[in-house]
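Spelled out, the chains give:
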Amino acid sequence: MAEAEVTLNRPLKQRKKKMATEDIIFTIFNTTFLVLFAIVTIYPILNTLAYSFNEGNDAVRGGIHLLPRKFATKNYETVFAKEGIIVGARITVLRTILGTLTSLFANALLSFILSRKRFLFKSSLSLFWIITMYASGGLIPTMVLFRYLHLTQSFWVYVIPGMVSAFNVMVMRTYMGGIPESLEESAMLEGAGYMTVFAKIISPLCKPVYATIALFVAVYHWNSWFDAMLYNRMNPEYTTLQYELMKLLDNVSTATSGQVSAQQAAQTGGASVTVTPMTVRAAATIATMAPIIALYPFLQRYFVTGLTIGGVKE
Amino acid sequence: MDDLTSKDEMTGKSGNKADFFTLKAERESKILATRAGDNLSKVDPAQEKKQKKFKETPKFTVKEFKRQWILVVIGAIYVIYGLVFNYAPLVGWIMAFQNFKYNKGIFKSKFVGLDKFKFLFSDNSFLLVIRNTFVMGVLNLVFSTVVAIAFAILLNEVRNKYFKKSIQTISYMPHFLSWIIVVAIVHDAVSNTGVINEILLGLHIIDQPYPFLAKPGWFWPLVTLSHLWKETGWNAIIYLAAITSIDPCLYESAAIDGAGRFQKMRYVTLPSLRPTIIILLIMNMGNVLNAGFELQYLLGNDVVRNVSRTIDIYVLEWAMDGRNMDYSLGTAAGIFKTVVSLVLIVMANYIAKRKGDERLF
Numbered sequence: 001m002a003e004a005e006v007t008l009n010r011p012l013k014q015r016k017k018k019m020a021t022e023d024i025i026f027t028i029f030n031t032t033f034l035v036l037f038a039i040v041t042i043y044p045i046l047n048t049l050a051y052s053f054n055e056g057n058d059a060v061r062g063g064i065h066l067l068p069r070k071f072a073t074k075n076y077e078t079v080f081a082k083e084g085i086i087v088g089a090r091i092t093v094l095r096t097i098l099g100t101l102t103s104l105f106a107n108a109l110l111s112f113i114l115s116r117k118r119f120l121f122k123s124s125l126s127l128f129w130i131i132t133m134y135a136s137g138g139l140i141p142t143m144v145l146f147r148y149l150h151l152t153q154s155f156w157v158y159v160i161p162g163m164v165s166a167f168n169v170m171v172m173r174t175y176m177g178g179i180p181e182s183l184e185e186s187a188m189l190e191g192a193g194y195m196t197v198f199a200k201i202i203s204p205l206c207k208p209v210y211a212t213i214a215l216f217v218a219v220y221h222w223n224s225w226f227d228a229m230l231y232n233r234m235n236p237e238y239t240t241l242q243y244e245l246m247k248l249l250d251n252v253s254t255a256t257s258g259q260v261s262a263q264q265a266a267q268t269g270g271a272s273v274t275v276t277p278m279t280v281r282a283a284a285t286i287a288t289m290a291p292i293i294a295l296y297p298f299l300q301r302y303f304v305t306g307l308t309i310g311g312v313k314e
Numbered sequence: 001m002d003d004l005t006s007k008d009e010m011t012g013k014s015g016n017k018a019d020f021f022t023l024k025a026e027r028e029s030k031i032l033a034t035r036a037g038d039n040l041s042k043v044d045p046a047q048e049k050k051q052k053k054f055k056e057t058p059k060f061t062v063k064e065f066k067r068q069w070i071l072v073v074i075g076a077i078y079v080i081y082g083l084v085f086n087y088a089p090l091v092g093w094i095m096a097f098q099n100f101k102y103n104k105g106i107f108k109s110k111f112v113g114l115d116k117f118k119f120l121f122s123d124n125s126f127l128l129v130i131r132n133t134f135v136m137g138v139l140n141l142v143f144s145t146v147v148a149i150a151f152a153i154l155l156n157e158v159r160n161k162y163f164k165k166s167i168q169t170i171s172y173m174p175h176f177l178s179w180i181i182v183v184a185i186v187h188d189a190v191s192n193t194g195v196i197n198e199i200l201l202g203l204h205i206i207d208q209p210y211p212f213l214a215k216p217g218w219f220w221p222l223v224t225l226s227h228l229w230k231e232t233g234w235n236a237i238i239y240l241a242a243i244t245s246i247d248p249c250l251y252e253s254a255a256i257d258g259a260g261r262f263q264k265m266r267y268v269t270l271p272s273l274r275p276t277i278i279i280l281l282i283m284n285m286g287n288v289l290n291a292g293f294e295l296q297y298l299l300g301n302d303v304v305r306n307v308s309r310t311i312d313i314y315v316l317e318w319a320m321d322g323r324n325m326d327y328s329l330g331t332a333a334g335i336f337k338t339v340v341s342l343v344l345i346v347m348a349n350y351i352a353k354r355k356g357d358e359r360l361f
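From first to last, the protein sequence lines are chains U and A. Counting from 1, position 210 in the first sequence corresponds to residue 210 in my numbering; the numbering is continuous, with no gaps. Counting from 1, position 88 in the second sequence corresponds to residue 88 in my numbering; the numbering is continuous, with no gaps.
Hints should not be assumed to be uniformly reliable.
[Unchecked claim] Once the Cα atoms are required to be at most 25 Å apart in a straight line, the calculated PhoX-like pairs of lysine-lysine come out as: (1) K66(A) with K200(U); (2) K247(U) with K215(A); (3) K264(A) with K161(A).
Treat the hints as calculated values from the structure; they're not laboratory data. Bear in mind that the values here come from a model prediction, so they are computed numbers and not experimental data.
With the sequences and hints as input, model every part of the structure.
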């Protein structure tokens with residue numbers, strides 16, 4: 001494109017020169033801006049990382065940027081010694097695995113039947129699920145319903161209610177609709193039933209879209225805390241990692257802000273290695289986001305295709 | 001994306017090159033339609049006619065029914081699941097017209113007509129939360145759209161592939177962090193010893209650390225900025241995809257006419273993005289009142305209470321166990337939110353239709 005532009009403008013030398021300087025100035029500004037944008041995005045995370053490895057009382061003075069001033073791992077030891085965090089981590093891992101598998105299966109199967117061209121109730125069933133995207137009962141009716149169904153105060157409230165997501169189904173359905181019908185027909189001529197077609201023919205071809213949806217669902221499960229607060233507040237055995245992090249955050253913002261803890265720091269003298277709520281929270285934050293950040297480089301290609309995949313063709 | 005395109009070609013549906021651009025344009029509209037989850041109704045009339053001609057859904061016959069009984073059975077299971085988990089809560093809307101007591105249940109609680117709604121609209125704090133929700137929703141909608149488009153266009157101008165890719169990868173990473181982590185980060189950044197105060201002190205703009213979180217006037221800007229930090233990169237993906245599907249011929253002919261970089265952005269890129277922008281705006285209209293729960297709930301405190309509480313938080317306060325628990329009032333507030341959201345979507349859609357632009361339905 002750039003080449004075409006240059007050759008086509010050859011007669012207009014003056015203009016070309018002007019454009020070239022304009023171009024250079026623009027590129028400089030644009031690059032600077034984008035680099036700044038990236039720094040703003042990533043700096044806070046690195047800063048939290050530095051705090052999480054810093055000795056507690058020392059951190060209260062502030063002024064830590066990319067590297068810890070007094071290195072210590074005590075914060076992480078404190079975090080991993082908290083029972084809530086351990087239980088929360090176990091529940092979160094469990095719900096992420098179980099929730100992702102069940103939800104993927106449920107969404108895939110529904111997408112499969114909705115993408116069968118011969119299915120008699122195709123359009124009515126689609127409409128039935130599309131409506132759920134626009135009209136939801138809201139917080140309280142849902143909560144009351146779960147109580148009647150005895151889903152509250154249990155682990156299953158994390159997995160069962162959210163299994164089918166109309167949005168994910170629409171993405172998958174579009175993708176499956178793009179698989180040639182002839183594959184299904186020839187399999188059926190050889191005696192395969194619908195379930196065999198689903199398991200042996202459609203699913204293997206849908207790996208990219210399955211990966212994407214699984215990833216979205218997994219991230220959702222990993223990050224959720226509200227259901228833990230709403231349904232399992234009284235049941236510490238079903239707490240989640242993010243909910244524990246939220247409780248830590250709550251404690252810090254109410255109990256200690258800068259000034260108070262600075263005084264505490266002065267009183268204790270800061271000779272030995274100590275922890276403060278601030279650094280413990282930083283450590284917990286990093287520990288909670290670590291799995292996502294660690295997997296991010298490997299998985300990010302699915303994230304992008306995720307938004308565009310459904311639109312490949314129908 | 002590349003391997004997907006090649007699969008297209010393998011299946012033989014887009015063999016020749018001329019089809020390629022129409023396919024790309026189609027893909028773009030499909031992306032949006034899929035995001036709306038509404039691509040059923042967004043087929044253009046000509047195609048629809050063609051589909052009718054080769055009617056694919058067979059007639060309802062006993063034979064056909066027997067042939068696909070398994071699909072029907074599975075479909076029925078999904079209907080039951082949907083009725084229980086998605087439609088039953090809608091029945092719960094009855095609670096808003098009752099004086100609901102959990103022990104009595106939905107069938108035995110006393111009906112009170114519109115009393116709960118009357119109370120709501122005479123409750124000053126409810127009017128306050130409507131204002132908060134609406135203002136924060138509109139701020140988010142406007143800023144996130146403008147910034148995401150600007151970011152996508154600027155990123156598209158980068159010629160170095162690796163630089164472009166790195167910036168993009170970094171930009172949408174925060175989307176995958178939970179709001180709790182984001183709030184922890186915002187807390188740190190604006191605290192007395194945080195980086196913002198450090199910079200302001202360093203530049204001698206202020207001589208005392210400024211308590212951003214304790215200033216009601218700063219709450220809305222902080223919420224908007226947090227949203228921008230978390231979602232700009234992610235929102236830009238859809239615009240970037242739309243930009244890549246713009247026909248390069250348009251840029252070439254613009255270049256022949258002597259358009260510079262800025263003119264191309266102004267007269268080619270932006271107009272080509274118009275349908276995408278309009279569809280996303282319509283879709284997000286319905287989310288204006290949804291724009292606030294987690295962030296406001298986590299970032300707010302007693303000092304900024306009057307500007308931080310949103311409808312969702314108001315509902316939650318009536319729902320949590322406590323002295324003032326009132327499920328009926330909370331449900332009424334929830335109904336108000338859902339109905340207004342639906343009205344907003346339909347209205348935005350109607351306006352887009354009147355102006356002859358893209359629309360959802």
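Q: Given the hint that K66(A) pairs with K200(U), test it: the Cα-Cα distance must not exceed 25 Å.
A: holds (22 Å)
Q) Can the restraint linking K247(U) and K215(A) be considered satisfied, given a maximum Cα separation of 25 Å? A) Roughly 23 Å between the alpha carbons, so the hint for K247(U) and K215(A) holds.
Q | Hint consistency between K264(A) and K161(A) [alpha-carbon to alpha-carbon, up to 25 Å] | A | With a Cα-Cα distance of about 20 Å, the restraint between K264(A) and K161(A) holds, given a limit of 25 Å.
Violated hints: none; the structure is consistent with every hint.
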